[in-house]
Amino acid sequence: MPISTILCIDDEALGLEIRKAVLERAGYQVLTAVDGLTGLSLFRGNAIDGVVLDYYMPEMNGGAVAEAMRRERPEIPIMLLSAYINLPTEVVQLADVTVLKGEGPRELLEKLRAMLHSGSTAGGPGTGGTA
Amino acid sequence: MNPPEFNRTLRQLVTLPILLLVLMAGFLVWQIAAATVAQRALDHSDEVTAQLQELQNLFIDEETGLRGFQLTGDPVMLDPWKAAAGPIQSHFAMLRRMLAGDTAQSRALDDLEIRYNQWLGFANAVLHQDAASLNAAGMNQRGKAMMDDIRAATASMVRHEENLRAARSQHARWLQRRELVSLLVSAAVVGLFMGLFTRHHVHAVSASYQRRIAEITDRSNELVESQQWFKTTLESIGDAVIACDQRGAVSFMNAVAEKLTGWPSAQARGKPLAKVFHIINEQTRQACENPVDKVRRLKRVVGLANHTVLVGRDGREYVIDDSAAPIMSGAGKMIGVVLVFRDVTEERQVQTALVASEKLAVAGRLAASIAHEIHNPLDSVANLHFLLADENDPAKREEYLRLAQQELGRTMQISRTMLSLYREPRAPIQIDLRELIEGVLLLVDRRLQHQGIGLETRIAGDLSVEGFPAELRQVFTNLIMNAVEAAGAKGKLRITMERAESAEMHGAGAAIEIADSGPGIPPEAVKRLFQPFFTTKGADGTGLGLWVSMGIVQKHGGSISVVSSNDPELPGACIRVFLPARTMAQQAGEPAA
Numbered sequence: 001m002p003i004s005t006i007l008c009i010d011d012e013a014l015g016l017e018i019r020k021a022v023l024e025r026a027g028y029q030v031l032t033a034v035d036g037l038t039g040l041s042l043f044r045g046n047a048i049d050g051v052v053l054d055y056y057m058p059e060m061n062g063g064a065v066a067e068a069m070r071r072e073r074p075e076i077p078i079m080l081l082s083a084y085i086n087l088p089t090e091v092v093q094l095a096d097v098t099v100l101k102g103e104g105p106r107e108l109l110e111k112l113r114a115m116l117h118s119g120s121t122a123g124g125p126g127t128g129g130t131a
Numbered sequence: 132m133n134p135p136e137f138n139r140t141l142r143q144l145v146t147l148p149i150l151l152l153v154l155m156a157g158f159l160v161w162q163i164a165a166a167t168v169a170q171r172a173l174d175h176s177d178e179v180t181a182q183l184q185e186l187q188n189l190f191i192d193e194e195t196g197l198r199g200f201q202l203t204g205d206p207v208m209l210d211p212w213k214a215a216a217g218p219i220q221s222h223f224a225m226l227r228r229m230l231a232g233d234t235a236q237s238r239a240l241d242d243l244e245i246r247y248n249q250w251l252g253f254a255n256a257v258l259h260q261d262a263a264s265l266n267a268a269g270m271n272q273r274g275k276a277m278m279d280d281i282r283a284a285t286a287s288m289v290r291h292e293e294n295l296r297a298a299r300s301q302h303a304r305w306l307q308r309r310e311l312v313s314l315l316v317s318a319a320v321v322g323l324f325m326g327l328f329t330r331h332h333v334h335a336v337s338a339s340y341q342r343r344i345a346e347i348t349d350r351s352n353e354l355v356e357s358q359q360w361f362k363t364t365l366e367s368i369g370d371a372v373i374a375c376d377q378r379g380a381v382s383f384m385n386a387v388a389e390k391l392t393g394w395p396s397a398q399a400r401g402k403p404l405a406k407v408f409h410i411i412n413e414q415t416r417q418a419c420e421n422p423v424d425k426v427r428r429l430k431r432v433v434g435l436a437n438h439t440v441l442v443g444r445d446g447r448e449y450v451i452d453d454s455a456a457p458i459m460s461g462a463g464k465m466i467g468v469v470l471v472f473r474d475v476t477e478e479r480q481v482q483t484a485l486v487a488s489e490k491l492a493v494a495g496r497l498a499a500s501i502a503h504e505i506h507n508p509l510d511s512v513a514n515l516h517f518l519l520a521d522e523n524d525p526a527k528r529e530e531y532l533r534l535a536q537q538e539l540g541r542t543m544q545i546s547r548t549m550l551s552l553y554r555e556p557r558a559p560i561q562i563d564l565r566e567l568i569e570g571v572l573l574l575v576d577r578r579l580q581h582q583g584i585g586l587e588t589r590i591a592g593d594l595s596v597e598g599f600p601a602e603l604r605q606v607f608t609n610l611i612m613n614a615v616e617a618a619g620a621k622g623k624l625r626i627t628m629e630r631a632e633s634a635e636m637h638g639a640g641a642a643i644e645i646a647d648s649g650p651g652i653p654p655e656a657v658k659r660l661f662q663p664f665f666t667t668k669g670a671d672g673t674g675l676g677l678w679v680s681m682g683i684v685q686k687h688g689g690s691i692s693v694v695s696s697n698d699p700e701l702p703g704a705c706i707r708v709f710l711p712a713r714t715m716a717q718q719a720g721e722p723a724a
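Residue numbers (the working numbering), protein chains in the order written: chain L, 1 to 131; chain G, 132 to 724.
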């Protein structure tokens with residue numbers, strides 16, 4: 001099974017690096033971006049299997065990023081990650097899954113795996129991870 | 132008819148009859164003068180006739196004397212002759228003067244005198260003859276003829292004068308008739324005219340008087356109606372009303388005032404206001420200044436101080452809101468004072484609840500912000516814990532532990548900041564305003580970054596005020612968040628704080644201005660900005676933030692207002708807060724509004 005590539009976008013650089021390590025430990029290949037615009041350019045230039053997107057970011061928030069991604073490649077599943085409980089409904093509808101920061105890495109990995117499986121291009125994490 | 136017209140009519144009613152009577156008197160004087168002249172002419176004729184008759188008698192005396200002498204030759208017989216000679220001359224002189232204006236009679240008098248002188252010549256000639264020839268028949272005949280002529284001339288003059296007198300007498304009678312007729316006619320005309328004139332004017336005055344009476348009656352009815360109208364209105368309004376006379380004694384109370392004071396109107400009437408309307412300060416329990424005394428002192432509308440409590444006759448207490456106004460007479464004299472007040476106890480409770488509700492909303496927003504701030508590092512710690520569980524490389528474990536420690540430290544720092552926000556002292560303390568505002572900015576910093584807002588601060592360093600830090604932090608969080616929301620993505624914000632010198636109303640203190648680059652506040656919204664439940668944010672706002680902020684600032688003795696920003700880069704709203712260096716706030720947690 002090919003290794004799934006996950007695009008991870010969050011303005012919290014440290015949190016992003018740690019999340020990358022978690023995802024890599026789980027066998028995913030991870031691309032990271034600390035803002036929406038960088039994330040969108042990675043999204044356009046790479047074969048991406050899924051997106052883990054923070055909502056609350058300067059300049060371009062997760063909602064705007066998800067909307068642009070959906071316009072370009074609606075088949076790519078998006079997981080919206082946020083510290084806020086009450087996200088705007090239209091933003092929640094753009095995402096396949098929403099996960100609350102603080103739910104923990106096991107929950108995150110479980111939901112990510114489920115999201116990738118249910119998607120058309122879904123693929124599970126490869127067995128030969130880098131971590 | 133107005134008073135000047137009335138006076139003019141009165142003057143006319145007095146002066147015109149006097150004028151007419153004077154004219155009539157003048158006319159009568161003229162008539163009487165004419166009659167007098169006619170009477171004098173009659174008297175003149177009588178005198179002339181009398182003079183002529185006396186002259187005639189004197190002629191007879193002379194002739195008789197002469198005859199006696201002729202018959203007797205006795206000189207004694209000549210005595211009448213001698214006695215008459217002098218008076219005849221004086222009578223001639225008198226008659227000449229009297230007949231100077233009458234040519235015909237003067238000529239007749241001249242003729243008479245000539246005849247007399249001729250006779251006198253004849254008589255003297257007789258006297259100088261001898262005694263024998265004294266009675267000669269020819270002589271006597273001649274003398275008699277001459278004397279007959281004299282008598283005839285005198286008689287002619289007398290007749291002439293009598294004719295003249297008859298004409299004059301007729302003229303005088305005509306004048307008398309004319310006088311009588313004139314008197315009657317003029318009296319009738321003047322009487323009629325005065326009657327008509329007086330009647331006309333009296334009618335006018337009377338009509339005017341009737342109209343005035345009707346007007347006064349109408350006015351009086353209107354006044355009664357209006358009084359009834361006002362009384363009913365005052366009785367039926369929801370506010371309590373007490374009216375006092377100029378001495379401060381109660382003259383009117385409506386039903387609501389009766390209920391709140393506990394005094395029936397009939398018993399309260401005439402009593403001093405202070406006895407019926409007993410007000411004290413809610414906190415100090417000291418008696419407040421009698422509003423009537425205050426109005427009499429200031430002669431203008433006065434409002435009650437905040438926290439005024441009315442103590443009813445039965446001891447029940449009502450928090451009231453009131454105002455007192457002078458009742459001025461048309462001449463500008465104060466004739467009473469009217470007091471309008473209402474029970475705001477419930478309103479006060481609602482306000483307290485609203486303030487608490489806004490505090491809850493603020494706390495809710497803060498909690499969400501805290502959750503966000505804490506969730507990020509907690510998420511990282513959870514992830515690190517996950518990684519540590521399966522990590523065998525000691526260097527990596529070390530790195531993960533260090534990172535976890537760092538993220539936990541961040542969480543605790545946030546938690547400490549939040550806690551310090553809600554430690555509120557019971558009395559006002561000295562607050563470093565710079566520190567306070569920077570603390571608020573720290574809280575909203577992430578929001579500013581996310582919106583990409585350019586923040587400029589011009590904050591003086593050594594400004595401190597007395598107050599309650601948590602409440603002031605609530606105010607500035609509210610104002611800065613409003614500005615951030617108004618500025619929108621990539622907007623601009625400027626916070627200025629400077630020393631404010633003492634002005635007319637305030638002592639020295641600090642002035643803080645928060646200006647944004649948003650769309651500004653529409654003028655119609657500015658008026659309502661500080662009212663409760665007014666929001667420009669739709670469903671996202673409670674409409675209580677600025678109202679509560681204003682209450683807090685006012686409690687501190689400061690002011691909050693919307694000023695115009697003249698910086699083209701910050702065309703939006705600019706809110707100015709003034710805080711005095713020494714606060715008036717006494718106690719934490721009291722209702723702000």
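Check each hint, because a few of them may be wrong.
Listed below are several chain G residues computed to face chain L (Cβ distance under 7 Å; list not exhaustive) [to be verified]: (1) 414; (2) 418; (3) 510.
The following residues of chain G were derived to be distant from chain L, with all beta-carbon distances above 10 Å [as the list claims (entries may be wrong)]: (4) 347; (5) 350; (6) 363; (7) 406; (8) 459; (9) 506; (10) 508; (11) 515; (12) 518; (13) 534; (14) 581; (15) 593; (16) 620; (17) 650.
Please keep in mind that the hints were generated in silico from the structure rather than gathered at the bench.
Backbone N, C-alpha and C fix where the C-beta goes; we use that ideal spot for every residue, glycine too.
Going down the list of hints, with the structure as the test:
A distance limit of 7 Å between C-beta atoms decides the matter here; for residue 414 of chain G the minimum to chain L is near 42 Å, and the interface restraint is violated. At its closest, the beta carbon of residue 418 of chain G sits 53 Å from a beta carbon of chain L; the interface hint therefore is violated under the 7 Å criterion. For residue 510 of chain G, the interface hint holds, since its Cβ comes within 7 Å of a Cβ in chain L; the closest pair sits about 4 Å apart. Distance to chain L confirms residue 347 of chain G as a non-interface residue, since its nearest Cβ pair spans about 76 Å, more than 10 Å.
Every CB of chain L is more than 10 Å from the CB of residue 350 of chain G (nearest about 71 Å), matching its label as outside the interface. Every CB of chain L lies more than 10 Å from the CB of residue 363 of chain G, the least distance being 56 Å, so the non-interface label holds. At roughly 60 Å, the least C-beta separation between residue 406 of chain G and chain L is larger than 10 Å, which holds for a residue marked as non-interface. Taking the minimum C-beta to C-beta distance to chain L, about 60 Å, the non-interface status of residue 459 of chain G holds against the 10 Å cut.
At roughly 4 Å from the closest C-beta of chain L, the C-beta of residue 506 of chain G falls inside 10 Å, breaking its exclusion from the interface. Consistency note on residue 508 of chain G: stated as away from chain L, yet its beta-carbon is not over 10 Å from all of that chain's, at 8 Å minimum. A beta-carbon of chain L is positioned within 10 Å of the beta-carbon of residue 515 of chain G; the least distance is around 6 Å. The beta carbon of residue 518 of chain G sits about 6 Å from the closest Cβ of chain L, which is not more than 10 Å, so the claim that it is off the interface is violated.
For residue 534 of chain G, the non-interface assignment is contradicted: its Cβ lies about 7 Å from the closest Cβ of chain L, within the 10 Å cut-off. Distance check on residue 581 of chain G: its Cβ comes as close as 5 Å (rounded) to a Cβ of chain L, failing to clear the 10 Å threshold; non-interface status is violated. Consistency note on residue 593 of chain G: stated as away from chain L, and its beta-carbon is indeed over 10 Å from all of that chain's, at 33 Å minimum. Chain L draws residue 620 of chain G into its interface by the beta-carbon criterion, the shortest separation being 8 Å against a cut-off of 10 Å.
No beta-carbon of chain L comes within 10 Å of the beta-carbon of residue 650 of chain G; the shortest separation is about 21 Å.
Taken one by one, the earlier hints fail for this structure at numbers 1, 2, 9, 10, 11, 12, 13, 14 and 16, listed in ascending order.
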